[in-house]
Structure formats: structure tokens, C-alpha cells
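**Student:** Sequence:
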Amino acid sequence: DEKKLLVDEESQEIDCSPERKLEDFIQPAAYLLLTVLIFITMFPTVLPAVIVRPLVTIGTGCLMLISDENLILSNSILTYIGDISYSLYLIHWPIYAYWKLTCEGDKLCKFWIEYLARINLFAALISSVILAIITFETFEKWYLKLSSTNIGVIVVILCFLNITAIKKDDIMDRIYLMGKNVTSLDDVTNEMTVDDAIRLNTRWSVNDMKNLYAPSCTYEVAKSPLGWCRHTVRCEAFYRSLNRESCRQNYTHFAERMENEKPDYAFNVLVPPQNTYFMARKRYAQLIKDCGKKCVLIDYVPEFYQEDTKTFRVFDKKGFSYFTTPSHLTPRGIEKIRHIWTDICRKL
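For the sequence shown, position 59 matches number 59 in my numbering, and the numbering has no gaps at all.
Don't read these hints as lab results, they were simulated from the structure.
Beta carbons: idealized from backbone N, C-alpha and C, even for Gly.
Computed spacing ranges between beta-carbons, pair by pair:
id	residue 1	residue 2	range
1	W341	K318	18 to 28 Å
2	D173	V153	27 to 37 Å
3	F39	T232	51 to 61 Å
Straight-line C-alpha distance at most 30 Å; calculated DSSO-like pairs for lysine-lysine:
id	residue 1	residue 2
4	K100	K168
5	K347	K294
6	K336	K294
7	K282	K347
8	K336	K293
9	K336	K262
10	K318	K167
11	K100	K167
12	K210	K336
13	K347	K336
14	K282	K294
15	K210	K317
16	K294	K262
17	K223	K100
18	K336	K310
19	K262	K318
20	K293	K347
21	K168	K210
22	K210	K318
23	K293	K310
24	K282	K293
25	K347	K262
26	K167	K210
27	K223	K168
28	K317	K168
29	K100	K210
30	K336	K317
31	K167	K223
32	K347	K289
33	K210	K262
Hey, can you work out the whole structure from these sequences and the hints?
**Tutor:** As C-alpha cells, this is what we get:
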């Protein structure tokens with residue numbers, strides 16, 4: 001009997017120890033926290049990001065601290081999903097973006113929206129998971145065994161490849177123009193093919209908004225080139241105003257271009273008066289009244305309108321487009337109407 005009482009007392013001491021009490025509290029808390037996080041994630045209404053982001057971040061961190069020996073979170077399947085989760089996060093974005101651009105906007109996908117679009121989306125999800133598993137089992141497990149020096153070299157190489165991929169269009173254009181004396185604005189030559197037309201048409205439309213930005217401007221609205229511009233100090237094109245090597249090179253480059261191209265007019269000198277908008281309204285009203293036959297009306301319709309088809313032609317015979325996607329003139333379009341302005345300048 002004494003021995004039995006002694007065993008009972010020891011078991012009570014073990015059961016009543018602080019570690020045991022803490023463990024009894026942690027396990028239910030972990031399940032409760034997991035339930036709350038799942039509820040927030042699957043909540044049908046969009047919750048404020050200011051509240052959700054810190055709450056989910058802190059909650060996930062706390063869950064990781066107290067999830068040791070948890071029957072759910074320590075499950076081997078869930079653990080493996082956690083291992084591939086970062087690869088899955090990175091890989092699924094380009095796949096989903098490709099699906100959204102090619103399938104969701106396609107008329108066929110819209111017609112079969114209940115069937116075809118869902119199948120493609122499911123295929124995109126499965127392919128993301130498969131690629132994430134392959135990446136984790138091959139690349140991730142491999143680089144985690146490397147030294148810090150080797151990892152640093154890999155990071156530098158990947159950064160270089162990313163920059164190359166982002167700037168590939170500019171790099172390819174520079175390579176293409178090496179050794180070629182291209183003086184036209186559109187860089188189009190007689191030897192170019194349809195593939196060149198596709199490449200340049202894409203470049204002109206992709207860079208359309210970027211081409212509207214003046215490099216010497218600081219815009220009040222940073223995301224728009226159509227707002228107020230404050231010009232910043234730069235090197236003068238025809239006078240070495242700043243004693244810098246870059247400015248001296250800039251002057252030499254400008255002089256060489258002027259010598260090679262020999263333009264009809266190199267500069268437009270304008271001293272804007274005060275109350276410009278008022279003076280402009282008054283000036284154009286007077287011009288319309290008094291100009292008569294002296295004025296030259298600029299009409300682009302004969303350049304682009306086809307009388308036989310009664311339609312506007314927006315590209316030439318080789319496929320080079322005259323207009324960008326936002327309906328601005330491309331460099332090819334500007335070259336097409338260049339003679340109009342050249343003739344006007346010659347008659348002045």
C-alpha cells in the first residue's frame with residue numbers, strides 16, 4: 001500500500017508540473033489559433049488589409065512557435081506542403097498571369113466559360129504544384145547544402161540574368177544596329193522581313209508611354225507624362241556649359257549627328273509671352289480670319305486613306321505599323337508624313 005501511494009504521489013507531481021500545465025494550454029491554443037487563421041483566410045468578405053496583414057503574420061509566427069508535436073501541423077503531408085510553399089508561391093504567379101492573358105481574355109474561353117476556362121485554370125494549378133515540387137527536390141535541396149560563398153555567386157548570376165531578361169529588347173536592338181548606319185527615325189531598312197515588323201511593332205507599342213516622357217523633366221504626377229514638367233539642369237547640346245567629361249562627350253556627339261544628318265532646321269527658338277493661352281486664342285482667331293490662301297492646312301487623310309477600300313491603312317506593305325496601340329504615330333508613321341513637314345519648311 002505504501003508503495004502504491006508513493007507511485008500515485010509521483011504521478012500527481014508529474015501531472016501538476018508547470019511544464020505539463022503549459023503543454024495542456026499550448027495544444028488547445030494552437031488549434032484555436034489555426035481555426036482563427038483559416039477563418040480569416042476563407043472569410044467571404046474582403047477584410048481591411050491594415051488589420052489582416054499584421055494579424056495573419058503575427059498569428060502565423062505564434063503558430064510556428066507552439067506547433068511542436070501538434071497532430072495536425074506536424075503531419076508529414078502538411079510539412080512537405082510547407083517545404084514547397086515558397087517555390088509554389090513564386091512559380092504560380094507567371095503561370096496564372098499567362099492563363100489570365102491567354103485564356104480569360106479569349107473569346108473561346110468566354111464562350112465556354114463554365115467548362116474550358118476552369119479546365120485550363122485547374123491545369124495551371126496542377127502544373128504550378130508539379131514545378132514547385134521539382135524545384136524543391138532539385139534546386140532548393142541542392143543550394144541549401146552550399147557554402148555562403150557559392151550561394152553569393154549564384155545570387156549574383158541570377159541577378160545578372162534577371163537584368164538581362166528585363167533589358168533584353170534594348171540589348172537586342174543595340175546588337176542589331178551594330179555596324180549599321182541607320183539615320184531614319186524608325187530604324188527600318190529594305191532588307192527587313194515580317195519578323196522584323198513584328199519585333200518593331202511590339203517595341204513601338206510597348207514603349208509608347210515611355211517615349212512620351214521627356215528625359216529632362218521632373219513631373220508633378222510621376223506616373224503620367226502629360227502633367228506639369230519642371231526641366232532639370234542638363235548638359236547644353238551645342239555649348240559646353242558644364243565642365244564635365246559627360247558634357248564634353250555630349251557636345252561632340254551632337255556635332256557629329258548634325259554633320260551626318262544635315263537637317264533643314266536644327267533649332268526652334270521661341271520666347272513665350274505672358275498669358276500664353278490668351279495670346280494663343282487671339283492669334284489663331286486672327287489667323288483664321290486673315291490668313292486665307294497663305295495658310296497651309298495639314299491633312300493626313302491622303303497619306304493613310306485608301307480610296308479603293310474606303311478604309312484607313314494603318315500599316316505598310318511589309319507589316320510595319322503606322323500607329324501604336326494607344327493610336328499615337330509610330331516612328332514608321334512619322335517617317336511616312338515627314339515629307340509633308342519637309343515641304344512646308346522648304347516653302348517658308
